[in-house]
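These protein sequence lines are chains H and B, in that order.
Just so we're aligned, residue 1 is where the first sequence starts under this note's numbering, counting upward by one.
Just so we're aligned, residue 734 is where the second sequence starts under this note's numbering, counting upward by one.
None of the hints are false.
Short, incomplete list of chain B residues facing chain H, as computed with Cβ under 10 Å:
1. Ile739
2. Lys740
3. Val746
4. Ile750
5. Lys759
6. Met785
Just so you know, these hints were derived from the structure itself, not from any lab.
No residue lacks a Cβ here, since even glycine has one placed at the ideal position from N, Cα and C.
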Amino acid sequence: MDKKIGVYICTDCEIGKALDIEGLKKVAVKMKAPVVKEHPSLCLKEGVDFIKNDMAAEGVNAVIIAACSPRVNYDTFDLGIPLVERVNLREQVVWTHKPNDEDTQMMAEDYVRMGILKMNKIEAPEPYKVEDLSRNVLVVGGGIAGITAANQAAKAGYDVFLVEKSDSLGGWMSNIYKQAPTKPPYENLEEPEISDLIKEVRQNPKVKIFTSAQVEKIDGAPGIYNVTVKQNGNSETLRAGAVVEAVGTVPYDATKIDHLGFGKYPNVITNYMMEGLALKGAILRPSDGKPAKSVAFIQCAGQRDENHLPYCSATCCVESLKQAKYVRNQDPDAKVFIFYKDMRTPGHYEYFYKSMQNDPGVFLTKGEVKGITEGDNQNLIVSVENTLVGEKISVDADLVVLATGMVPVTGLGEEILPPGVKPGDEFIPYVMIETNTLNLGYRQGGELPSLAQGYPDSNFICFPYETRRTGVYSAGTVRAPMDITSSKEDATGAALKAIQCIELTSRGEAVHPRVGDISYADFFMQKCTQCKRCTEECPFGAINEDEKANPLYNPTRCRRCAVCLGACPERIISFKNYSVDMIGNMVKNIEVPGEEDEKPRAIVFACENDAYPALDMAGINRLQFNPFVRVVPLRCIGSMNLVWVADALSKGIDGVLLMGCQYGEDYQCHMATGSHLAKIRLSKVAETLDRLKLESGRVQMTQVSISEYHKIPQILDEFLQKLEGFGPNPYKM
Amino acid sequence: MPEQLIKPDLNFVKDIIASGGESLKKCYQCSTCTVVCGVTPDEKPFPRKEMMYAQWGMKDKLISNPDVWLCHQCSDCTAYCPRGAKPGEVLGAIRKMAIKNYSAPSALANMTADPKYLILLFALPVLIFLGIIGSLGHFSDIPRGEDGGIVYSHFIPVPYIDTVFILASAFAVISFFMGIKKYWADMSAGMQLKGNVMDSLKATIVDILSHDRFQKCNVTKDRSTAHMLVFYAFIGLAVTTGWGVLYLYGHEIFGIQGTSLFHFGETPYPLYDPMKIVGNASAFALLLGMLFVTANRMKNAEKAGSGSYFDWLFIVVIFTIVVTGILSEVLRLADVDPIAYIVYFIHLVFIFFLFAYAPFSKMAHMVYRATAMVFARHAQREG
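Isolated chain H, as found in the complex (with noise of 0.2 Å):
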């Protein structure tokens, strides 16, 4: 079917009065869009019964709004055809320069020229939807967590299996005598809830509980995962849409804190041990059997400590506390020393605290541990340094409990490095820690990669529950410390992030964050040259390779970043509304004044996710910015292909300012790696650069945030002055 496009200019928000409109509108009909209106306020249903008008009489097919941002009105512009293409006109241009100014008008005609020129570009984008697709979640885990997942899943009505490796359900939580109050007046100890889940989760004909097994293979993708469970020595194939990670953690190996003698003295033992003294009864000293009447609880053992786990484990505080109260309700004349760092307990588990602290029999001390020798009897001498008591004190003490940390039971294997990384390399994108786990069969890896302590990585700030693995959410524990509550909250949202991606994957369209966009990558295959670059680069892990090494791309892994697109030298890699060659033709496109005209050009290639809502924001906060920048936005901005800055710089643009979310450590880029792979990019533009004689600065990259819109217009200025300093580019016509 043939594009009609029109254009429709809308008028109303200041832009009527701040531009030409007669001037766009002849670009426009330059541009040779059959039908050019203007409209003095669009996003009202006049305005949106004006355009349905022309679709019905006209045969407008492709309509191109000049108006507000695309973040805005979005759902009024919806007008049932997938090609509708905005232009910026309101935030970006009259918001943010000065009214009737001939700078402004090239702006905004720049930007009805780009938006043509994409609408010329683009095809309509057909969802990929998948054959027999399966609505079973897999939950590996049967702690609190995965128990928990199954049972909402299944309450939400999709099929369950359920993978434990041990021989019952339960976890850790099996193992306790007692758990911390979750009840008012937060004070008493509550009889543990796991079996009354077990109970649910064993009798819901919906879930099917695969115990003593292990997942040997996870093949596929979401919606169509074809899962190898193990069981018996037998092997058995499922499948699943989409998989819930709940395997939980192991305690931190005491005997590896030497000072504090575990291993080495009988009577030192970890909480996780003292769940095991009080559920056979009675808390008895394991040298002698005999009652403990005098107990000294060692908080952040081996935690939030560089030697060790760096973390804070966030339910051990409260455990000793509740600990401390088996010893107390055990024998009123005992005594329970407690010594912390800080005690941290938040939320309710404050008015547990309080009443524990109001116990006389609870001695408590911030301090720090320095060591632990053995006493008369077996008894242990606790010394402690800088305590609220006194500079120096010890106890003495017949039982000794550490707090020791949880571990991720995905920290525990081999370290492997990503495909396409060597040691040493400024970049390592991710940790990959082999644990017979998941056993995903991805070309990056088996597990789900991660950043730090073996924890999944997922990005903490905007959807902690996603995983680097579309489909693949992990919860409770496994995922960050947590408690038993949180746990269980964490567990119903992953189990949804799971329905979720299973429903949007059975309708051809992403998941999170471009949830409901259905295009996908293309690949034209002939010219690829195996190079593995976008198999490497792919945050998602979303492209595997066949033997030969061609990628093998999964539509339904992939979240549509496109930093594939940036990462192909040969650009074989293209979505139908996003391309090399669109984006190539609007940077080649922008008119470049003469160099005597004094009108310098710098392309800013803004990340969609942040950097381009802070140009919005800056708009609406009427801050006022460089009129010689031309925005085009980017899904991610490390699918900046390198071509562009040739495009850009051979046409004379002065400069190119890639506006993307900050990387490293704390990263905010939406698609993990995107930001960084785009700064390395950079980095080898610049031999390009020294072989056309330009100088390497006149490409360059800035983080910014979505909040920090208030930079904007300084960052720009500072840009542009630089390029200054360069002197026009020599390029220009």
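Keeping the supplied structure of chain H fixed, place chain B upon it in accordance with the hints.
Coordinates of chain B only, in the frame set by chain H:
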């Protein structure tokens, strides 16, 4: 600093809690109390450290600690405590335990601290005085004075009164002496004390007479006036008592004859006698002072805590003494028989209670606080 092996005394913690320091364990060591305290020295200030020692049952660190007495329970700490740990009340409980610890015999100390034994403690003076009255046959036939009025010395003659109260006072003095001796020894253990203790004593007396420390209180500022009234009323009553002794024995032993103004040997004395004037004025000052004390306590209860049994027993005893004292005089003059005698009887019983049990009741604060203040000066804890 050497490492110190700490053995918390759980029973001590429980005792503090039972003695009015039930909020003790709520303290989380933020030190707000120490910051707002107006009477603490700058070096090693209280009451934060005392709160910690108390939570940890470190009895040795508290019982002999002069700081717990430097505290005047202004209750600024209690008012500002973010956790409701009421340091003022806790230190009050610790003081009570210090009194209990040092006063001999300790059985009597325990009884004074425990409401269970209250009746038993009152039974002693009741029985003593009933015995005296019975043996004199004064239950029914009490001789009247020359002018036909009520004369209390006819009801219970002076020698009986003097014998009972001299014995009770002697007991109290001996008990105080033993307690203070031990207390001083404990406080000064391991310390090098220089200088003249008399200088510190003199300075402390000035301090007490001026009530300077009370002025530093904030939340309970008005306590200064109340306490000053009660304090000087007691001095006035002590002077009156001495004066009475002078009148009586000056006349009986030395044969001094009364004048129209000074009525040696002529009990009951007329109301215009200077001794009587001092006595009555002191009694009214005491009544007024006690009314203030009680009103302040009620008013400040929310901020400063409502006080313990120990405090209230002391208040009730003094209140009863002053009220029955004034009533005795009024009823005598109004010739209300037999209520006047009953009220006088109650008056005597309560005075006995105050005197004999002084080393164990809150009355002991006078002696222990004064001693601690002298010590603190002497040890250069305070200038």
